[in-house]
Amino acid sequence: MGSDGAIFFLSDYGTGDEFVGVVHAVVHRLAPSVSVIDLSHEVAPFDIAAGAAMLARAVPVLGPGVVLAVVDPGVGSERRPIAVRVDGDGPNWLVGPDNGLLAGAWAALGGPTSAVALDPGRLTPAWTRRPDAGPTFDGRDVFAPAAAHLVSGRDPLGFATAIDAESLVVEAPGSRATRPMPTGANEVSALATWVDRYGNVQLDLRPSDLEELGVAADGVVQVFFAHRPEDRAVPARRVRAFADLEAGELGLVVDSSGLLALVLDQGSAAELTGATSGTVVRITAGAGARR
Amino acid sequence: MGSDGAIFFLSDYGTGDEFVGVVHAVVHRLAPSVSVIDLSHEVAPFDIAAGAAMLARAVPVLGPGVVLAVVDPGVGSERRPIAVRVDGDGPNWLVGPDNGLLAGAWAALGGPTSAVALDPGRLTPAWTRRPDAGPTFDGRDVFAPAAAHLVSGRDPLGFATAIDAESLVVEAPGSRATRPMPTGANEVSALATWVDRYGNVQLDLRPSDLEELGVAADGVVQVFFAHRPEDRAVPARRVRAFADLEAGELGLVVDSSGLLALVLDQGSAAELTGATSGTVVRITAGAGARR
Amino acid sequence: MGSDGAIFFLSDYGTGDEFVGVVHAVVHRLAPSVSVIDLSHEVAPFDIAAGAAMLARAVPVLGPGVVLAVVDPGVGSERRPIAVRVDGDGPNWLVGPDNGLLAGAWAALGGPTSAVALDPGRLTPAWTRRPDAGPTFDGRDVFAPAAAHLVSGRDPLGFATAIDAESLVVEAPGSRATRPMPTGANEVSALATWVDRYGNVQLDLRPSDLEELGVAADGVVQVFFAHRPEDRAVPARRVRAFADLEAGELGLVVDSSGLLALVLDQGSAAELTGATSGTVVRITAGAGARR
Numbered sequence: 330m331g332s333d334g335a336i337f338f339l340s341d342y343g344t345g346d347e348f349v350g351v352v353h354a355v356v357h358r359l360a361p362s363v364s365v366i367d368l369s370h371e372v373a374p375f376d377i378a379a380g381a382a383m384l385a386r387a388v389p390v391l392g393p394g395v396v397l398a399v400v401d402p403g404v405g406s407e408r409r410p411i412a413v414r415v416d417g418d419g420p421n422w423l424v425g426p427d428n429g430l431l432a433g434a435w436a437a438l439g440g441p442t443s444a445v446a447l448d449p450g451r452l453t454p455a456w457t458r459r460p461d462a463g464p465t466f467d468g469r470d471v472f473a474p475a476a477a478h479l480v481s482g483r484d485p486l487g488f489a490t491a492i493d494a495e496s497l498v499v500e501a502p503g504s505r506a507t508r509p510m511p512t513g514a515n516e517v518s519a520l521a522t523w524v525d526r527y528g529n530v531q532l533d534l535r536p537s538d539l540e541e542l543g544v545a546a547d548g549v550v551q552v553f554f555a556h557r558p559e560d561r562a563v564p565a566r567r568v569r570a571f572a573d574l575e576a577g578e579l580g581l582v583v584d585s586s587g588l589l590a591l592v593l594d595q596g597s598a599a600e601l602t603g604a605t606s607g608t609v610v611r612i613t614a615g616a617g618a619r620r
Numbered sequence: 330m331g332s333d334g335a336i337f338f339l340s341d342y343g344t345g346d347e348f349v350g351v352v353h354a355v356v357h358r359l360a361p362s363v364s365v366i367d368l369s370h371e372v373a374p375f376d377i378a379a380g381a382a383m384l385a386r387a388v389p390v391l392g393p394g395v396v397l398a399v400v401d402p403g404v405g406s407e408r409r410p411i412a413v414r415v416d417g418d419g420p421n422w423l424v425g426p427d428n429g430l431l432a433g434a435w436a437a438l439g440g441p442t443s444a445v446a447l448d449p450g451r452l453t454p455a456w457t458r459r460p461d462a463g464p465t466f467d468g469r470d471v472f473a474p475a476a477a478h479l480v481s482g483r484d485p486l487g488f489a490t491a492i493d494a495e496s497l498v499v500e501a502p503g504s505r506a507t508r509p510m511p512t513g514a515n516e517v518s519a520l521a522t523w524v525d526r527y528g529n530v531q532l533d534l535r536p537s538d539l540e541e542l543g544v545a546a547d548g549v550v551q552v553f554f555a556h557r558p559e560d561r562a563v564p565a566r567r568v569r570a571f572a573d574l575e576a577g578e579l580g581l582v583v584d585s586s587g588l589l590a591l592v593l594d595q596g597s598a599a600e601l602t603g604a605t606s607g608t609v610v611r612i613t614a615g616a617g618a619r620r
Numbered sequence: 330m331g332s333d334g335a336i337f338f339l340s341d342y343g344t345g346d347e348f349v350g351v352v353h354a355v356v357h358r359l360a361p362s363v364s365v366i367d368l369s370h371e372v373a374p375f376d377i378a379a380g381a382a383m384l385a386r387a388v389p390v391l392g393p394g395v396v397l398a399v400v401d402p403g404v405g406s407e408r409r410p411i412a413v414r415v416d417g418d419g420p421n422w423l424v425g426p427d428n429g430l431l432a433g434a435w436a437a438l439g440g441p442t443s444a445v446a447l448d449p450g451r452l453t454p455a456w457t458r459r460p461d462a463g464p465t466f467d468g469r470d471v472f473a474p475a476a477a478h479l480v481s482g483r484d485p486l487g488f489a490t491a492i493d494a495e496s497l498v499v500e501a502p503g504s505r506a507t508r509p510m511p512t513g514a515n516e517v518s519a520l521a522t523w524v525d526r527y528g529n530v531q532l533d534l535r536p537s538d539l540e541e542l543g544v545a546a547d548g549v550v551q552v553f554f555a556h557r558p559e560d561r562a563v564p565a566r567r568v569r570a571f572a573d574l575e576a577g578e579l580g581l582v583v584d585s586s587g588l589l590a591l592v593l594d595q596g597s598a599a600e601l602t603g604a605t606s607g608t609v610v611r612i613t614a615g616a617g618a619r620r
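Protein chains in written order, with the working numbering: chain A, 330 to 620; chain B, 330 to 620; chain C, 330 to 620.
Warning: the hint list may mix true and false statements.
Said to hold, decoys possible - With the C-beta cut set under 7 angstroms, the calculated list includes, among others, these residues of chain A facing chain B:
(1) P361
(2) F375
(3) Q595
To be verified - Short, incomplete list of chain C residues facing chain A, as computed with Cβ under 8 angstroms:
(4) G350
(5) P374
(6) P402
(7) V404
(8) S406
(9) R459
(10) P464
(11) T465
(12) F466
(13) F553
(14) H556
Worth flagging that the hints you see were computed from the coordinates, not collected in a lab. Just so you know, even glycine gets a beta-carbon here, dropped at the ideal spot from N, CA and C.
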């Protein structure tokens, strides 16, 4: 993999406990020259679907290395610890629990080419886990050592067993279909898939979906929110940049992933509209009557 | 110490200010090839006991290097800045204020073999501190330079004076005795020592303490919380993994430190029970009448 | 710049999304041996003035390298992406949007010696940005590549155009004048410029300002807060260290930047007084009548 490969680390550990630092320390002890890059550790506890979505957004930009992802409510149970091989010029291994967390990432990277089930007995260093400790911290005891070995180019069959990539869990619990659906001649429905720190509301819509509705690049649409009464449609203007909007005006920009997002200029579209991740919206072309 | 030694950094600085980054920058300027691994900076402000407990949990897993810890309400006063030497294959120096913060860590690493008092006058680089600045940021001016020098293998007597290890402060203010006490033939009392991000409540109990009560590996106990009326005992089942529990069922697992913790499956035991760090509980064997 | 130069990274990205990690990954892909040191990413969204103040406090301590700063509500609009050259033994380039964010930093480092406007077309790697993505993440697409190239010593004219340093935006929107004003023979007014995690309230006053009022090094002053009735002056004692104060007693220490700060011992002066960043205070010498 070359000495420049990094480990890209995502979890729901938060940063108030020592979990993240301990995982870094385990990697450093096994592979001292490897950089560990934190994607985020603020995934909501146990929210596999949110972690999977974040990984899917991030991985296309990452360089060579190993993705280490831990959102793992089933730790210590029968769910398998896995490493999944993918091709391409980005990360070549994805390490984590077999619970759907990694599925969005491998899909974004062209799909798995092979997979292994990690063997804790061969991975856990004697110094990470007291003999009397419980199996509640596989990030430290299993996944970090596996990521360190893989980024160092070691043969996974030294600490894992080949499994059928077809047997992998491909859907995170609670994940939703994310394909916009035309719901009428002049209308499309969509799902809010992510609300970021600024309150931007990413939709599972691409610009072409609006073009099919006949909305121009600077056109106006009406947005209906499933959680609000129908007569409270909010107009939103297609713009290129946040700063193109008036104060308080709802906009639609193409975001850094190529998807449409509901936004304000220097404000939170999520707060304005009450939308959260999972909110369903319908969009119709035209400035509407209530402008 | 070898070039792979890392600095393991814990503080109550938070990440909303530039303190943590400035300490990293000072280390990088003095020892550019050294990795600084953040354990956590979210220790509650001034909570020496919580920082000490976190260090004690973390240090047994860390590799060679230097622990840099700053929870330091006495900064600028007469409390001594120190570095404590420990033996073993983990960290060999612990750097911080002499206020009990480091005591759990050196105890977990076999006790101090020697100690020095750091000399700010010989440590503070001219570029970290304006001549007119106050002595309020020893993390930047004293502890970071000391850690950088020690991880680089420099002689501590170049910037510090030997002191008697017997003179070190060994107890953090507000720390509590953490030894379970049998309080009856069929009962043990314990202390909640840590609530983690998931709401798992770590107790100062080991599995052997329950075995002495005659509780089987999959047995049920009654947990009485000092802050709740006695008749509100909550049953808790000994399980191996979170996923072995029913939804909403309180469990006891052996955690990653070898201690027992009150847990839920994908939920917060702290929220369910109202337990916080410092809560006292009594545990009796048996399924009880109120199941 | 030498191989030890680091990138010092500040933003309003927060750590709940993957933005910070993606920027680290882009730098690592372009300059794998370079350390990226996070100053903070918790600047309030869009708060250019707060980011500028934090940079101004931090940069005098930083070693060689590049400052990468992104608080950028105008992303995608006509505001220029820039890199500003400064002399000295600290950072030699400041990279970010031309919106005043960098102005405090270059002032603290002696002023700009030259400047360039970054050219996104020559900077954005094909792998960071899908062809159909919007221009909403210049941290990833423009600033991180520029910082990676500059820290690696590449010629900025390969990806940027010289501009007149006189044309740079020098004031962050919403920033306030921060010079104490004598408002009477025995009085000085000042501005609260920063409240840190501990609730310490930094003022734009130096010890010499109090000396001009005739306040001794251990003297007492009366502090009037613009947001509180005049008769509610709070006495504050000049001390060297937090621990010199009684419990609950307001103090004035010289902080690590050489400025005076209102503080408590192990408590929040901001909470006690209601002061926030931007609060105006008046200070008079003397213990007052209400001691």
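In ascending order, which of the hints set out earlier in this document are inconsistent with the structure? 3, 13 and 14
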